[in-house]
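Colleague: Heads up: the sequence lines are chains F and E, in that order. The working numbering puts the first residue of the first sequence at 1, with every later residue one more than the last. The working numbering puts the first residue of the second sequence at 1, with every later residue one more than the last.
A hint or two may mislead.
[As the list claims (entries may be wrong)] Keeping only pairs whose Cα atoms sit at most 27 Å apart, straight-line, the calculated DSS-like set for lysine-lysine is:
no.: 1; chain 1: E; residue 1: 298; chain 2: E; residue 2: 316
no.: 2; chain 1: E; residue 1: 298; chain 2: E; residue 2: 73
no.: 3; chain 1: F; residue 1: 77; chain 2: F; residue 2: 152
no.: 4; chain 1: E; residue 1: 298; chain 2: F; residue 2: 135
no.: 5; chain 1: E; residue 1: 298; chain 2: E; residue 2: 491
no.: 6; chain 1: F; residue 1: 135; chain 2: E; residue 2: 510
In case anyone wonders, no lab produced these hints; they're calculated from the structure. Bear in mind the structure is a predicted one, so any value in this text is a computation, not a measurement.
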Amino acid sequence: MSAPSWRVGVDIGGTFTDVVGIDASTGVSRTAKVRTRLEDPLASLRAAFAALDLGWDDVGVLVHGTTVVTNAIVEEKLPPVALVATAGFADVLSIGRQNRRSLYSLSLAPRLPPLAPERLRFELRERMGPDGRVKTSIDSADLDRVVEAISKSGVSSVAVSLLHSYANPGHEALAGERLAAVVPHVSLSHRVNPEEREFERTSATVLNAAAMPLVGAHLDELAHEVPPTAHFHLFHSAGGMATPAMVRERPLLLALSGPAAGVSAARQVASDLQLDNALTLDMGGTTTDVCLIRNGKPETRREASLADRPIRQPMVAVHSIGAGGGSIAYIEAGMLKVGPQSAGASPGPACYGSGGTAATVTDANLLLGYLDASHALADGVRMDRGRAQAAIGDLARELDLRLMDAALGIVRVANANMVRAIRNVTVDRGIDGRRCTLVAFGGAGPLHAATLARDFGIGRVVVPAFSSAYSALGCAMAQLSYTQQRTVRMASRDWSPERLARARAELLAGMAFDRAAQADGVEVADVALVRYVGQSYSVEVPYRHPAQVEALTRDFRELHRQLYGFFTEEDWELEAIRVTASAVAPPIGAHPPPMARSARPSARSTAECWFSAAGPTPTPRYHREQMAAGARITGPAIVEDEWSTITLPPGARLEATVHGHLSMTFGSAP
Amino acid sequence: MTRAIDPVTLEVIRSALTAAAEEMSLVVMRSARSPLLREAGDLSSALTDAGGEMIAQGRDIPMHLGVMCFTVKEFLKRVPAASLAPGDVWFLNLPEIGGNHLPDVKAIRPIFAGGHLFAFAVSLAHWADIGGAVPGSYYASATDIWQEGLRISPTRLFSADGPDREKLTLVLSNVRGAPEREGDIHAQMASTLAAERRLHDLAEEHGIETLRAAMAVLQDTSESQMRAAIRALPQGVFQGEDFLDDDGITDRPIAIRVRIDIGDGEASFDFSASDDAAEGPVNTTPFIAVASVLYTMKCLAPSEIQPNGGALRPIKVSTRPGSILQPPPTRPVVGGNHETSQRVVDAIFRALEPALGDRLTAGGPTTSGLLLFGMPRADGAWVTLYETHGGGEGARVDRDGSPVVRVHMSNVMNTPAEVIEAEYPIEIGRQALRRGSGGAGAHRGGDGLVREYRMLTDGVSLTSMFERRVVPPYGFRGGSPGAPFRVTLVKDGAGTGIEVKGKTNLRLGKGDRVTVESCGGGGFGMPGNSSEGTIEK
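Looking at chain F on its own, in the form it has when it is part of the complex (with noise of 0.2 Å):
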C-alpha cells in the first residue's frame, strides 16, 4: 500500500474554520469552509474533513493552525504561573519598563496584572554576568529550598527567567531539571528567548509557560483523534510547520498563527509571478493584516504586543489594523471616521439584519453595488439593501453629503486606513510600496485591492488561487522550519569567528527535526542584526555561514544607506543573531480544479456599480470558475465566488494566470 498521499491544511479562525487538501501526487486540490465551534476545536476538524470528503486514510500531513492561544491571551483566559528569578529581580514583571499604555487616560491602569502574582514569586541566589561567566554559583540547599516551596504552591506549570541566561543558560537548565519533577508544565527563557532586556524575556516565558496547560490539553486531544499515519504538525507565527512535541514546549509560537499562515502561502504566488516584493493584504470582519514580502520572503518581527501583553519572538512581520467589513463608520469633529470599532460578526453590518443598525464598510459596499444582495451569506442571510441605505442615509444626512457620496467616502476612508498601514510596514524597511504588488485575500481584502491600489499608487494587485482560504493553503503548503533569534554581543574591531559559530550551534540544536526531514537535510539562513555603537535599531544582514567581518562590514554600510540614506566607515558591532532553520523538502504545488476554457467570459448578469460620484456604471458580474488560465476582462467588472468577490474598477485589466491566480494592472500600460 501506498503512502497517503493528501496534505491537508486547516485554519481554525474565530468565525470560519477553512480546508485545503492538496494530492501531492496530483496536485490536485480542494477546499471548504465550515463554522467554527470555538468550544469544540475537534469538532470544527472533522466537520472541516468531512467537507473535503476525505479520510483519515487518505491524509499523510495535516497542518493546523490554530487561534486557540491568540485567544486566550486576549480573552485573559490564562491561569496564574510561578517565577523563579534571580535573586533581588522576582518583581521584574512588577516593574516593567516603567512605562504606561495609555498618555492621556488617567482612569486606565498603567499596566496589566502580572500573571506571576507575588505569592508565586520566588529567588534563586545565582548570578550569571552578561558575557556568561558565573558570578555566582548555584548552590544546591538554595535550589532545594525553591524547588521545596514551589511544589507546595500546587501551581501547575513554572517559568524560569535569570539574568543573563542567553549568554550562558547553564543555571537555567540546572533549575529546569530538579523543577520538572515537580511540575507539569517547566518554561524556560533561554529556551523561549534567549535575547536581553529581563523583562520582555521573563514576560515571553510566563506567558508561555501560561499557555501550556491549555495547549498540552489540546495537543493530546488531537493525539487521540489522528492516526499515527498522518503526520500531525503545527503552524507557528514565524512562518512554518511545528512538530507537537516542540509546540507543547513553546506554545507561545502560536501567537500569530493564523495571520502568518496567509502570508506564507503568498510566498507561492510571489514565486509563481516571479514577484520581488510584494504586500500582502488579508482583510477579514474586523481587522485588516498587512504585510512586506522582500525579494520573495516575508519579513520578521521581533516583537509583537497581544491585548497588552509584549510577546517577543521571532515572527511574520505582520501589522494588523482595525479596519474590516464590519468597522464601524461615524462622525467626530466633522470628520467621517471608519473603525477600530467593529460590528463584527455580531450584531454584523446593518444590511445583515441581525441586529446591527451602524453603518459598516459592508453596507458601503452592498450600497455601492458590489455586493450582490441575491447572493446568499454562508449562513443563509440575505443582504438587506434597505438597511445599509437607511444606516448610511443617517451619516449621509448629518454629514451633508448625498447618499453614494457617502457610501463611496465610508470606502475611502477605510482604505486611507489600509493606506497608512501599507507605509507603516514599507516605511519601516526603507522600501516605497508603491512599487510593490499587492496580494489581496481573506473575505474582504480582493473587495478593496483595485481601489485601495489606485489610491496609494500601486501597479498590480493579484488575487491569489484559493484567496478566501488563504491561511488553509498556507498550512498545507508548509514545511518545518524555526526562527530563532539570539542575543550575541561582538565589536567588528574585536570579531570572534569561533565564539559566534558556537552560539549558532546552540540555537540550532534547540530546534526540533523529526528524523525524517533530518535525513532529507535541514537548510539554514543566517542574519547578523548590526547597529553603530549607540544606535536604537540595527540593520538585518543577511550572511552566508561561517560570517566573514569584512563582507558583514561592506553588507551593512550598503543596507545603511539603502535604508536611511548614508552610512558611515565608523566600526559596528553585533547584536543578535536569527537563524532560520527549514526542512528541504520537495516543493508543494497546488492546483485549482479546472476549468472551462474561454479567453472571452460571458458575464451572468449585470449590476449597476457606483465606482464614482458622477453616477452608477453598468457593470458585468462573472463567476470566479470563468476564470480559466489566460482569460481576459477589462473594468469595470465584479468577479466573484461562493466566498469572496473581487472589484475591478472601469479600465482596469484582469487577467487569469496558469496557476489560477488572477491579476489586475492598472493604467497605460498593458
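For chain F, the structure is supplied; the task is to place chain E on it using the hints.
Modeller: Coordinates of chain E only, in the frame set by chain F:
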C-alpha cells in the same frame, strides 16, 4: 463659514498628515545615536502651516506637544520667511525660541510648492550631549545657561547645495561625541526630507489650495473640540500650588502657583504668582507651561483632540517675566524641562481637586528621577548612562495606583539591568518594589522602586536631577502622601550611607553603591473607606 472641503477628503488628508509626521519619527528613531532615543524615544516630529501653526504631530510626547506649537512661530520672528529657500534645514536649540532646554535640538525645513512656502517640518531630538560643563550636559550646579552647553541660534546647516561644512564643524566642535552628533544631525535632516516628499505627494494629489484649506479646517476643528471640552467642566475660579524641593543651589522650596478661570468655552491659566526665577537649573519656559496645561486638558477631554495649534486658541496661559516660568534668558534651565513641567501639572491638579478630583489621580512620581552616570569603559571610551526612575502612581477614586511607572509629562522607559551590565561598568544589585511606599487611603498609592547600582570602575561622575525628595507626592481627598524619593550612597567599605541630594554632581569610585528608592504614590480617600478594587502587583 462655508465648507471649503468635504468631510471625507478632510479625513483622508488628516490621516496622511499624521502618517507623514509619524514617518519622520520613525526615521529618527531608527538611525539616530542617542541612547535616549534607543530606550526612551525622547524625540518628536511635527508639521506646521506656513505661519508656524502646528497641524500634525508624529510621536506624541506631552512635553514636546506644547513646545512644538511655538518653535516655528518664534523662529519666523527671527528669520524672515522671505529668506528661506527650498532645501534649507535650520537647526536651533535656544529655549526662548519655542524651546525647553539645550539638549533638545530642533531641525526645521521650510517646504515649498509652486514656488510658495506652504508648510514646515520640524524634528526634535534629545542629543546625548550638547557640550557645557559636564558630559551629558546635565550640570546640576549651573548658575547660568552657558555652563549648560552650546546655544545654537537659528543656523542653516543644509541648503539645496548640501551641508554647510563650516557651520556643521562649528557645532560639532562644541559638543562631545562629534561623530555620533553628526549622525543625529543627518537623521533629523533625513526625517524632514521624508516629510517634504509626503507633503509634495499630497499637494500633487489634492491640490495646494485644498491642502491649505484642510490645514485651516483641522485647526478650527481642534479649537471647537477644545471649546466643547472646556464647556463640559464646571465654571469658576480655582487656585492651587505645589513646590519644587530646591534649585540645587539653595535648599529653599520654590512655589508654582496657578489661578485657573474656567469660563464658557474658554479657560485661562495664570501662573504669575509663582516664585521668581531660580538661581539653579530648574527654570523653564512659558512654552513648557503651555505644554503642561495642554496635557491636563487632554486628560479631561472626553474624546481625543487632534494635536494642533487650534487646540490652544480657547486657552490663555500667562506667566510673569522674571518668574521661574519666564526667566531671564541667562538663567540655567536643563532640569526645568522634566521637573518643573511636572510641578506645573501638580499645581493644576491640586487647584482642580475640589471640583474634579474624581477624574484625576493623587500625587505621583512627578519627577524624572534622573541619575546620570558618566564613566570610562574598559576600552577607554567614555560612556554615559542616562537613567530615569519611575515611582508609584497616585491612587484614583476607583483604583489603587500602579507600582513603578512614569506619569504625566513623560513616558520614558527604563534601561534593563541586562543592558546596563553589558554596556557599562556597573552591576545592578537588585531591582524590586519598594513595598509599603505608597500612601494609605481608601485606595492606596502605588509602590515605588528600589534599584541598587554598584560601580565596577573608578572615576565615575554622578549627576542627580530629581524631585519629591523633600515635598512628597500628595494624597487626594484625605489620602496619605507617598514616601518621598531617596537616593543613598554607600562608599566602598563604609557601613552607612549618605543621602544624595536632588540636584548634585558627585565623584564615585570602584565598589561604591548607589541605591535609588523612588517615591510612592499618594493615596485617595480616607483609609478604611473602601478596600475594593485593589490591584495585584
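Colleague: Of the numbered hints stated previously, which ones are contradicted by the structure, given in increasing order?
Modeller: 4, 5
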